[in-house]
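Protein chains: 2
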Amino acid sequence: MQFAGNKDLEERFIRRERVFDGYILHIDHAEVTLPNGQKAMREIANHIGASAVLPVDDNGMVTLVRQYRAPVEKVLLEIPAGKLDAPGEDRLAAAQRELQEETGLTAQNWIHLTDIATTPGFSSEIISLYLARQLSKGETHPDEDEFLSIVTLPFADAVSMALSGEITDAKTICALLMAGQYVNGGKHESI
Amino acid sequence: MQFAGNKDLEERFIRRERVFDGYILHIDHAEVTLPNGQKAMREIANHIGASAVLPVDDNGMVTLVRQYRAPVEKVLLEIPAGKLDAPGEDRLAAAQRELQEETGLTAQNWIHLTDIATTPGFSSEIISLYLARQLSKGETHPDEDEFLSIVTLPFADAVSMALSGEITDAKTICALLMAGQYVNGGKHESI
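So the protein sequences, as listed, match chains U and D. According to the working numbering, the residues represented by the first sequence are 1 to 191, in order. According to the working numbering, the residues represented by the second sequence are 192 to 382, in order.
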């Protein structure tokens, strides 16, 4: 689908100031020029980005992780995922590392599902989503302060949990619902 | 699906301190006790939450908005959405307001698709996703500093754009792929 140019929508940065430096988040306040020439302030949480991976084995079983998430004060069921180690780190390599660390799995077949902007209204975070197949089991190596519980269930059951609202993590919903074209259909586009 | 208790995964807050107060984001540093008794720091971006809505008319046409997003420095194609006006605001009312403000549409039929945790690793934001049908047209009332371009396209084309990676906004991908069970299938669960 083609759209007319973006000139009527784009904002131009006039100045941008770091107002908070945290462990994960680095917040800027930016003054922008709006398309009508007026000015506005934008608050931007700079985030290094992340990779996440849906592993599906030859029997159609997916491996997910249960993990306590302090910001929402709940244990969530999610696909294995993790932040990039450094800006510009290869996102497939990051996905492979996180899959191995959190679940012990390695995969012969990798498909790039998409890159999602998780919260483009306030953060720069982009998560690259992968489907991993032809899996082999190994040892897990979770981060020191990371407590995970591994859950294995049929792909169709995981999709049902996304559709019913039992799975609430956005990247996990995106990955499960995008993977159907490969897992159920015959689409093949390995990297 | 039933899981064993969460006691082996939960973290307990020991202390929590506000370290940054922004326009949208309010950042806390929290010290937590891990399941093994050790301590760790968590950075939490408190966010008021939001509602978003996928409008689909009687001819199967969806209305999306193109909008410049400063954090990712791109114009994105998204479902109409907006932050809650106040903590605890009714999320359906917020979805109805945002739909009307951004697209001029009102809807007779509302279906709650799900609530997504957009970034549970670092923010508390929960977005409630709705499907709106039986639409009527009216006037738009975008916020003063909000420049939007309205796009109308067939539901199937929007789903294809999500699956192909042309649509990258996570809430929009979730809403489009979750709405299929209602738009294509016969599922009816209006509020």
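If you're looking for bench data, these hints aren't it; they were derived computationally from the structure. For every residue, glycine included, the Cβ atom is placed at its ideal position computed from N, Cα and C. Please note: incorrect hints may appear among the correct ones.
[Stated by the list, open to error] Keeping only pairs whose Cα atoms sit at most 20 Å apart, straight-line, the calculated SDA-like set for lysine to any residue is:
1. D:Lys-274 to D:Met-252
2. U:Lys-39 to D:Val-374
3. D:Lys-198 to U:Lys-39
4. D:Lys-274 to D:Lys-230
5. D:Lys-230 to U:Phe-13
6. U:Lys-7 to D:Asp-199
7. D:Lys-378 to U:Glu-166
[What the hints assert, rightly or not] Pairwise CB distance ranges, derived in the manner of DEER restraints:
8. D:Thr-297 to U:Met-41: 38 to 48 Å
9. D:Asp-199 to U:Glu-31: 43 to 53 Å
10. U:Gln-134 to D:Ser-327: 31 to 41 Å
Against the structure, the hints:
1. D:Lys-274 to D:Met-252: violated (25 Å)
2. U:Lys-39 to D:Val-374: violated (41 Å)
3. D:Lys-198 to U:Lys-39: Answer violated: Lys-198 of chain D to Lys-39 of chain U is near 50 Å, above 20 Å.
4. D:Lys-274 to D:Lys-230: This hinted pair is violated, its Cα atoms lying about 33 Å apart.
5. D:Lys-230 to U:Phe-13: Judged against 20 Å, a Cα distance of about 41 Å means the pair is violated.
6. U:Lys-7 to D:Asp-199: violated (52 Å)
7. D:Lys-378 to U:Glu-166: Within the cut-off at roughly 18 Å; holds.
8. D:Thr-297 to U:Met-41: 38 to 48 Å: violated (31 Å)
9. D:Asp-199 to U:Glu-31: 43 to 53 Å: Hint holds: Cβ distance 48 Å, inside 43 to 53 Å.
10. U:Gln-134 to D:Ser-327: 31 to 41 Å: The hinted range 31 to 41 Å is violated for Gln-134 of chain U and Ser-327 of chain D, with Cβ atoms some 51 Å apart.
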